[in-house]
Amino acid sequence: MKIKGGKITIIMILFLCALIGLGYYLNIILIPELKNNQLRIEEKKTMLAAKQQELREVQELNTRFDEIKTEVDIALAALPSEEQITDILYQFSSIADELGLNTNNLSINEPASSSPKDKIKQVGITLSINGEYADLITYLSAIEKSLRLINIANVSVSGSSSLDDTDSLLTLSFQASAYYTPTSNK
Amino acid sequence: MIHINLLPGAAKRKIRQELIKLLSAAFTIFGFTVAGLAVIISLVYSQKLSTASQIRKLDEQIAGEEGKIAAYQEVINETSLLRDKLVVINDILSKYNHWANFLSMLAEATPAEGIKFITISASDTLTMNISGIADSAEKLAALLQSFELAHREVLYEIQPQDTVAKITKLNTVTADQLYYFNNVANEKDLLALRTIIIPKIYFDAVDLTSVNLENDAVSDKEVEKNVIFSLSIAFREDMLR
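Protein chains in written order, with this note's numbering: chain Z, 1 to 186; chain W, 1 to 241.
To be clear, the hints were calculated from the coordinates, so they are not data collected in a lab. There may be inaccurate statements among the hints.
[What the hints assert, rightly or not] Beta-carbon label-pair distances, calculated as ranges:
| # | chain 1 | residue 1 | chain 2 | residue 2 | range |
| --- | --- | --- | --- | --- | --- |
| 1 | Z | Ile120 | W | Leu155 | 31 to 41 Å |
| 2 | Z | Leu39 | W | Lys95 | 14 to 24 Å |
| 3 | W | Lys68 | Z | Leu39 | 38 to 48 Å |
| 4 | Z | Ala50 | W | Thr195 | 46 to 56 Å |
| 5 | W | Ile29 | Z | Leu39 | 53 to 63 Å |
| 6 | Z | Lys145 | W | Lys188 | 30 to 40 Å |
| 7 | W | Lys95 | Z | Gln52 | 38 to 48 Å |
| 8 | Z | Glu42 | W | Thr33 | 27 to 37 Å |
| 9 | Z | Ile13 | W | Phe32 | 11 to 21 Å |
| 10 | Z | Ser94 | W | Tyr96 | 13 to 23 Å |
| 11 | W | Phe32 | Z | Tyr25 | 13 to 23 Å |
| 12 | Z | Asp87 | W | Thr125 | 26 to 36 Å |
| 13 | Z | Ser94 | W | Gly64 | 46 to 56 Å |
| 14 | Z | Asp87 | W | Ala192 | 49 to 59 Å |
[What the hints assert, rightly or not] Straight-line distance between alpha carbons at most 27 Å, and here's what the computed DSSO-like set of lysine-lysine pairs gives:
| # | chain 1 | residue 1 | chain 2 | residue 2 |
| --- | --- | --- | --- | --- |
| 15 | W | Lys95 | Z | Lys119 |
| 16 | Z | Lys45 | Z | Lys35 |
| 17 | W | Lys57 | Z | Lys45 |
| 18 | W | Lys21 | Z | Lys7 |
| 19 | Z | Lys7 | W | Lys14 |
| 20 | W | Lys200 | Z | Lys145 |
| 21 | W | Lys48 | Z | Lys51 |
| 22 | Z | Lys121 | W | Lys48 |
Every residue gets a Cβ at the ideal spot worked out from N, C-alpha and C, and that includes glycine.
Chain Z with its partners taken away, still in its complex shape (with noise of 0.2 Å):
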């Protein structure tokens, strides 16, 4: 009886140890693996949606490339990648001259402070011309309105100190900056 005895003990003992041991691997093992994997599955799935999502956007622009390379094209000329410094003197020059105004001084340089990381790079310019005051203030529209941004900071008019000096010329000065956009960003 005491040897039967103990064969049933060590099978119990088995079998509570293979109890225990797939218990274990099933709950702390298996089972969290499972769930882990189907997390995984829902951001694959909402990955794969997304880029699904930017592929018929990108083909929706694609139908639009035209437009997008002219609109391109427009935000260029407003902002350019580089200083364009030669256009600048045009722009101001060839408005001058259709105006019929005399440009007194134009002065054109970047300044000191801004830095290699600024993401919009200004170029300064100074400028002095004259004329009559409606003319002026066509000059000054026509600058604002061209297509390369041109913000002016301050503007002065002078003219003559005598009151009934109706017919001599004012003197529009101002302060302005131009900017661009540098390569990097393309």
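Go by the hints and put chain W onto chain Z.
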């Protein structure tokens, strides 16, 4: 010590049989439990394999979509460039100054006769200095009054829930200015109107910083005096936008 089992043989056999039954039942339950657990594990394991395969499939699909997107790289680059430029352009335009409008408004606000500006100097800090000459003190007073009232008019339709406090808060205008420009005496009369004028006042402050009388012509009978003046003005952002 001697153990003597006093139970009869039949009773002993019965107890042994019951013990065997109990043990076999216990083994059966254990056996089924272990077998059941093994079945569950195999099911879960097969699910794990299936999910792993799904992940691989999804990875392949994602890679496929990325490959298709990469074929449109030029469109992506151009669009990205356009987007970047537009962000900067909009930022610049939000602070863009319109000095041509400003000078036109200034001319409109200045009386046509008897005043001449020698210098006008204005900056985007919304301040302006003017030096000029008036042919009399009255003309200078007229200029100052004109500047104080200088405005452009915006028509506004009164809404049922409007109050003067609400309108003044939204439009940077005082109640008195509203009553004055709409020719009414009080809030009740103003709100009774269907459409009102909201004056967009040009100048916040007009200070006469210096004034000098200058002898223009001297005769025995009459002395005409020009007035040389300078003004310091704080103007509103509206004038530049």
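So, going through the hints one by one against the coordinates:
no. : hint                               : in the structure
1   : Ile120(Z) to Leu155(W): 31 to 41 Å : holds, 38 Å
2   : Leu39(Z) to Lys95(W): 14 to 24 Å   : violated, 47 Å
3   : Lys68(W) to Leu39(Z): 38 to 48 Å   : violated, 27 Å
4   : Ala50(Z) to Thr195(W): 46 to 56 Å  : holds, 51 Å
5   : Ile29(W) to Leu39(Z): 53 to 63 Å   : violated, 36 Å
6   : Lys145(Z) to Lys188(W): 30 to 40 Å : violated, 45 Å
7   : Lys95(W) to Gln52(Z): 38 to 48 Å   : holds, 40 Å
8   : Glu42(Z) to Thr33(W): 27 to 37 Å   : holds, 34 Å
9   : Ile13(Z) to Phe32(W): 11 to 21 Å   : holds, 18 Å
10  : Ser94(Z) to Tyr96(W): 13 to 23 Å   : holds, 21 Å
11  : Phe32(W) to Tyr25(Z): 13 to 23 Å   : holds, 19 Å
12  : Asp87(Z) to Thr125(W): 26 to 36 Å  : holds, 29 Å
13  : Ser94(Z) to Gly64(W): 46 to 56 Å   : holds, 54 Å
14  : Asp87(Z) to Ala192(W): 49 to 59 Å  : holds, 57 Å
15  : Lys95(W) to Lys119(Z)              : holds, 17 Å
16  : Lys45(Z) to Lys35(Z)               : holds, 15 Å
17  : Lys57(W) to Lys45(Z)               : holds, 10 Å
18  : Lys21(W) to Lys7(Z)                : holds, 16 Å
19  : Lys7(Z) to Lys14(W)                : holds, 22 Å
20  : Lys200(W) to Lys145(Z)             : holds, 24 Å
21  : Lys48(W) to Lys51(Z)               : holds, 26 Å
22  : Lys121(Z) to Lys48(W)              : violated, 56 Å
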